[in-house]
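Colleague: Read off the chains here:
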Amino acid sequence: MKKIINDPSTVVEESLKGMASAHPDLIEVQLDPAVVVRADAPVPGKVAIISGGGAGHEPLHGGFVGRGMLDAACPGHVFTSPTPDQVQAAVQKTDGGAGALLIVKNYTGDVLNFETAAELAEADGVAVRSVVIDDDVAVTDSLYTAGRRGVGGTLLLEKVVGAAAERGADLDGCEALARKVIGQVRSMGLALAAGTVPHAGEPGFTLADDEIELGIGIHGEPGRRRVKIGTADEMVKSLLDPILDDLPFAAGDRVLLFTNGMGGTPLIELYLAHGIAERLLAERGIVVERRLVGPFVTSLEMQGMSLTLLKLDDELVELWDAPVHTAALRWGV
Amino acid sequence: MKKIINDPSTVVEESLKGMASAHPDLIEVQLDPAVVVRADAPVPGKVAIISGGGAGHEPLHGGFVGRGMLDAACPGHVFTSPTPDQVQAAVQKTDGGAGALLIVKNYTGDVLNFETAAELAEADGVAVRSVVIDDDVAVTDSLYTAGRRGVGGTLLLEKVVGAAAERGADLDGCEALARKVIGQVRSMGLALAAGTVPHAGEPGFTLADDEIELGIGIHGEPGRRRVKIGTADEMVKSLLDPILDDLPFAAGDRVLLFTNGMGGTPLIELYLAHGIAERLLAERGIVVERRLVGPFVTSLEMQGMSLTLLKLDDELVELWDAPVHTAALRWGV
Amino acid sequence: MRTAAKVLEEHRDELSRLDREIGDGDHGENMHRGFAALVTAMERDAPDSPGGVLKLVAMTLISKVGGAAGPLYGTAFLRAATAVKDTGELDAPTVAVALRAALDGVVARGKAERGDKTMVDALLPAVLAAESAAERGEDVPALLRAAADAAAEGADSTVLVLARKGRASYLGERSVGHMDPGARSTALLLRTFADVASGHR
Amino acid sequence: MRTAAKVLEEHRDELSRLDREIGDGDHGENMHRGFAALVTAMERDAPDSPGGVLKLVAMTLISKVGGAAGPLYGTAFLRAATAVKDTGELDAPTVAVALRAALDGVVARGKAERGDKTMVDALLPAVLAAESAAERGEDVPALLRAAADAAAEGADSTVLVLARKGRASYLGERSVGHMDPGARSTALLLRTFADVASGHR
Ligand SMILES: Nc1ncnc2c1ncn2[C@@H]1O[C@H](COP(=O)(O)OP(=O)(O)O)[C@@H](O)[C@H]1O
Ligand SMILES: Nc1ncnc2c1ncn2[C@@H]1O[C@H](COP(=O)(O)OP(=O)(O)O)[C@@H](O)[C@H]1O
Ligand SMILES: [Mg+2]
Ligand SMILES: [Mg+2]
Ligand SMILES: [Mg+2]
Ligand SMILES: [Mg+2]
Numbered sequence: 007m008k009k010i011i012n013d014p015s016t017v018v019e020e021s022l023k024g025m026a027s028a029h030p031d032l033i034e035v036q037l038d039p040a041v042v043v044r045a046d047a048p049v050p051g052k053v054a055i056i057s058g059g060g061a062g063h064e065p066l067h068g069g070f071v072g073r074g075m076l077d078a079a080c081p082g083h084v085f086t087s088p089t090p091d092q093v094q095a096a097v098q099k100t101d102g103g104a105g106a107l108l109i110v111k112n113y114t115g116d117v118l119n120f121e122t123a124a125e126l127a128e129a130d131g132v133a134v135r136s137v138v139i140d141d142d143v144a145v146t147d148s149l150y151t152a153g154r155r156g157v158g159g160t161l162l163l164e165k166v167v168g169a170a171a172e173r174g175a176d177l178d179g180c181e182a183l184a185r186k187v188i189g190q191v192r193s194m195g196l197a198l199a200a201g202t203v204p205h206a207g208e209p210g211f212t213l214a215d216d217e218i219e220l221g222i223g224i225h226g227e228p229g230r231r232r233v234k235i236g237t238a239d240e241m242v243k244s245l246l247d248p249i250l251d252d253l254p255f256a257a258g259d260r261v262l263l264f265t266n267g268m269g270g271t272p273l274i275e276l277y278l279a280h281g282i283a284e285r286l287l288a289e290r291g292i293v294v295e296r297r298l299v300g301p302f303v304t305s306l307e308m309q310g311m312s313l314t315l316l317k318l319d320d321e322l323v324e325l326w327d328a329p330v331h332t333a334a335l336r337w338g339v
Numbered sequence: 007m008k009k010i011i012n013d014p015s016t017v018v019e020e021s022l023k024g025m026a027s028a029h030p031d032l033i034e035v036q037l038d039p040a041v042v043v044r045a046d047a048p049v050p051g052k053v054a055i056i057s058g059g060g061a062g063h064e065p066l067h068g069g070f071v072g073r074g075m076l077d078a079a080c081p082g083h084v085f086t087s088p089t090p091d092q093v094q095a096a097v098q099k100t101d102g103g104a105g106a107l108l109i110v111k112n113y114t115g116d117v118l119n120f121e122t123a124a125e126l127a128e129a130d131g132v133a134v135r136s137v138v139i140d141d142d143v144a145v146t147d148s149l150y151t152a153g154r155r156g157v158g159g160t161l162l163l164e165k166v167v168g169a170a171a172e173r174g175a176d177l178d179g180c181e182a183l184a185r186k187v188i189g190q191v192r193s194m195g196l197a198l199a200a201g202t203v204p205h206a207g208e209p210g211f212t213l214a215d216d217e218i219e220l221g222i223g224i225h226g227e228p229g230r231r232r233v234k235i236g237t238a239d240e241m242v243k244s245l246l247d248p249i250l251d252d253l254p255f256a257a258g259d260r261v262l263l264f265t266n267g268m269g270g271t272p273l274i275e276l277y278l279a280h281g282i283a284e285r286l287l288a289e290r291g292i293v294v295e296r297r298l299v300g301p302f303v304t305s306l307e308m309q310g311m312s313l314t315l316l317k318l319d320d321e322l323v324e325l326w327d328a329p330v331h332t333a334a335l336r337w338g339v
Numbered sequence: 153m154r155t156a157a158k159v160l161e162e163h164r165d166e167l168s169r170l171d172r173e174i175g176d177g178d179h180g181e182n183m184h185r186g187f188a189a190l191v192t193a194m195e196r197d198a199p200d201s202p203g204g205v206l207k208l209v210a211m212t213l214i215s216k217v218g219g220a221a222g223p224l225y226g227t228a229f230l231r232a233a234t235a236v237k238d239t240g241e242l243d244a245p246t247v248a249v250a251l252r253a254a255l256d257g258v259v260a261r262g263k264a265e266r267g268d269k270t271m272v273d274a275l276l277p278a279v280l281a282a283e284s285a286a287e288r289g290e291d292v293p294a295l296l297r298a299a300a301d302a303a304a305e306g307a308d309s310t311v312l313v314l315a316r317k318g319r320a321s322y323l324g325e326r327s328v329g330h331m332d333p334g335a336r337s338t339a340l341l342l343r344t345f346a347d348v349a350s351g352h353r
Numbered sequence: 153m154r155t156a157a158k159v160l161e162e163h164r165d166e167l168s169r170l171d172r173e174i175g176d177g178d179h180g181e182n183m184h185r186g187f188a189a190l191v192t193a194m195e196r197d198a199p200d201s202p203g204g205v206l207k208l209v210a211m212t213l214i215s216k217v218g219g220a221a222g223p224l225y226g227t228a229f230l231r232a233a234t235a236v237k238d239t240g241e242l243d244a245p246t247v248a249v250a251l252r253a254a255l256d257g258v259v260a261r262g263k264a265e266r267g268d269k270t271m272v273d274a275l276l277p278a279v280l281a282a283e284s285a286a287e288r289g290e291d292v293p294a295l296l297r298a299a300a301d302a303a304a305e306g307a308d309s310t311v312l313v314l315a316r317k318g319r320a321s322y323l324g325e326r327s328v329g330h331m332d333p334g335a336r337s338t339a340l341l342l343r344t345f346a347d348v349a350s351g352h353r
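Protein chains in written order, with the numbering used here: chain A, 7 to 339; chain B, 7 to 339; chain C, 153 to 353; chain D, 153 to 353.
Hints in this document: simulated from the structure, not taken from any laboratory. Even for Gly, the Cβ is constructed at its ideal location relative to N, Cα and C. Please note that a few of the clues may not be correct.
Reference listing, derived: stretches of chain A covered by chain C, where coverage requires no fewer than 3 residues with Cβ under 8 Å from a Cβ of chain C [to be verified]:
(1) 110-117
(2) 205-211
(3) 223-229
(4) 327-334
The shape of chain A in the complex, shown without the other chains (with noise of 0.2 Å):
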């Protein structure tokens, strides 16, 4: 393992301090319990959008704290979900009379520890709703599994949210407008070599040479399928169509496309990706009408990239295009 790191025990608190020296303007980082708050919170009559999850997935979802996006996020040890202390934290500091809504990704973990932060910010007296996105199509037996878990589709959720807050929704219209979101973003990521968690000191799983790993979650997790390395184009489509599939997504559908990209692959590729995905799109009739690439919801230094899809309304539209101003999003303003 080589990582530019001091102490494995230590990554989390120092990159954090890292990124509150590095967002004065935008931020404020508590260490204990680990929050990372807008630096105006909290915001008298808004609804205060909280998310969190283990570390480990940077820019998500610190990177998304501030205007028009989170108010607050709760980084857990590297790839483990926050405890419920971290979570109430984050409630106190945001709570701006209007009560909190929480985004949680579906993973066991995350969803029992927000569930008792829930109970315990509701003791404070703090109105909290929670919304659990699930747009992974890679877990197929939902019935049989912890469900689907959350993937790519969170940064978007957080973004039209994020922006709805800003402008006054209330946590009833908040909560609806997410589980609307939920209802119709669905990913797919797939990895070609896996990150190594900074305390275990081993990649999370070891593929072959002309191996990919299909399906893979965001915690290193091994996905469903192991499969030989195909072109490109293969490699786009066999995340592209079981997307389609699913939602399912028709010729005159619009939509936005996410290209995101797992950490340690570069930008050139997923440029590649997300021209093919683009194309396929086109072929299909469905009309990309807004876009992201990037490395935004990450597994560590994994290689490998996943799609997003979220089907769009002009309502949607209006919330991605609205102003944000985060460490990682940023536009009008």
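Chain A is fixed; fit chains B, C and D with the ligands onto it per the hints.
Modeller: For chains B, C and D with the ligands alone, coordinates are given in the frame of chain A:
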């Protein structure tokens, strides 16, 4: 070699196509000869700021084409400088009547090809100036080498000069500003693992499990010294000290600190390293007024990082803060 | 509990390795972090009743472990604490009741059934063994040894089944052939409690 | 030139490997790309004079090779084209003059001296050998063979020296022990010209 590509010989072209489809509002991409041009070029009366270099450093340079930064970028093959006809085409497409400034990174190939291009463009009747950036302090014996290389400082140069041109600075003004920036920006990088050029199929160099390469360039060329890997504290110091000693930077200096990822190092490590650099600078009494953290001047999927320090004054701060709207850098708009 | 912390430290790599095979590789680190924090908390201010200790364990695990294991073990210890109330010295029937309460808590939170390849596969047989030991009138050390034996067997049984809960479930068929890390840590904890109660450690 | 393209294709990996050791690993690919484009250009419209061919080579290399090698080889062929003017059949003295012009072009652009570990280390001895062959009154095949031999020796000599120009110079001491890829490609090209002129290929 595992990459999301179809064919090593079409990587750059396909990636450019994907980039074009990802940013239809921002850029126009021409494939033969390959040029990325801002969508609203030529801007009448504006000095055209043009850069270029081998592909594999994305988002450099194509990701910096747009309002407030570059008018055009000329991507060569992976790690291979572009050819004069590309640069000539870029000059023609962006000529707003106020001349063109070519930003050239100091590599023999880039310098020679841009030199020829400048002659061609002058023959076409466009006033052309060139500046060569050589911010890499890792190259010590400049007398006995091709001279210092252009690395991370290139981004800062492009941003600052792009902002000045956008505000109406003339060709003399842009050139003088560029020389000023080049005079006060310094960088150094290290690698934990090299990237692989697609048509080479093998990493540019191979490091043992406990080795890093200190003073790497951005073209997969090995650095000057191979040393045992240390803690993040030690590694950051080994980059920062030569930078500080070189200009030299002194207590009280105002600086922009740019912590750059080489492509395969995740953000969690970059922020960690950034935090260390900020602490070391604070200890020396150097005032970090602006910062940038992320993989911006990369070397394919190389694992590693570089640090760049630019000495600031009010003029440079204002130009750095000025609106920019490109694929990879955006604010104020 | 100090001994439990030591045992978990010794087995940290093993648990993480099991978790790497079918999960995300952090179970050993998570458990170690929780019990290490517990040792610190106990040194600062050790509760004097068994119920107090169990409650402190619960709160520490909930706030330090994270992941799936944190709230699950946390709930288990919390329910056990409630079950023993403020009993001074634990007798065998009370221990059996506490273990049953712990199991109910895990199931209430995690909704796993036996055979889903989770810690339930270790805890449930342990509870059954403890209950019949209590019925037979055995003492606490003997009860805990029976529970630990059953948990170990239960953890072993997870090797052959397909995961239906937690992260390992994403692997489908590929989860077969690996022991569940949470079941293994449950078995380790019960073995430690048995050893301590029997004066072996 | 078709033969040169084939030779460069055969040696593509070797040249890239040399470049990987002390540069950025693209020299073989660069040269191959340039000469492959040249073959296409010649098929479309082959100039009928030696000067015309040399000029086409120059323009193609300049616009297709990129890197340091593109403008350097481009300039070399351009200067050679100018030197032979519109001569119909090349005699030995003209070839020697053309080679000298090529060398001057490379040095004018690249400012490398002998011993800097560049293509100059192959081209300069080749020019000297060609000039003395011309003086001795040898014919074109013999002159080119002498030039090719000298270039090969010159390329070999780059192994032992420290690079002072181009990408390899960043390596300092570590560049010693590796042959310069540009010197190697110069030697390969001259060997090919000699073979073709001698009717060997
Ligand atoms: N729904 C559930 N019910 C009971 N136990 C579960 C459940 N989900 C997961 N577990 C247990 O948690 C263990 C994993 O814990 P850990 O690795 O610490 O958390 P995470 O999976 O979040 O990384 C599994 O081995 C399993 O025994
Ligand atoms: N200044 C120079 N003068 C003469 N030859 C040079 C000079 N710089 C580089 N070269 C030659 O160019 C070769 C490298 O070419 P190539 O790999 O195609 O370009 P790049 O170095 O830009 O990747 C070197 O091996 C060397 O022979
Ligand atoms: Mg985990
Ligand atoms: Mg090159
Ligand atoms: Mg785990
Ligand atoms: Mg080269």
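Colleague: Each hint needs a verdict: does it hold in this structure or not?
Modeller: Each hint tested on the structure:
1. 110-117: holds (count 3)
2. 205-211: holds (count 5)
3. 223-229: Three-residue rule met by the segment 223-229 of chain A, so holds; n is 6.
4. 327-334: violated (count 0)
The structure does not agree with numbered hint 4 stated previously, though it agrees with all others.
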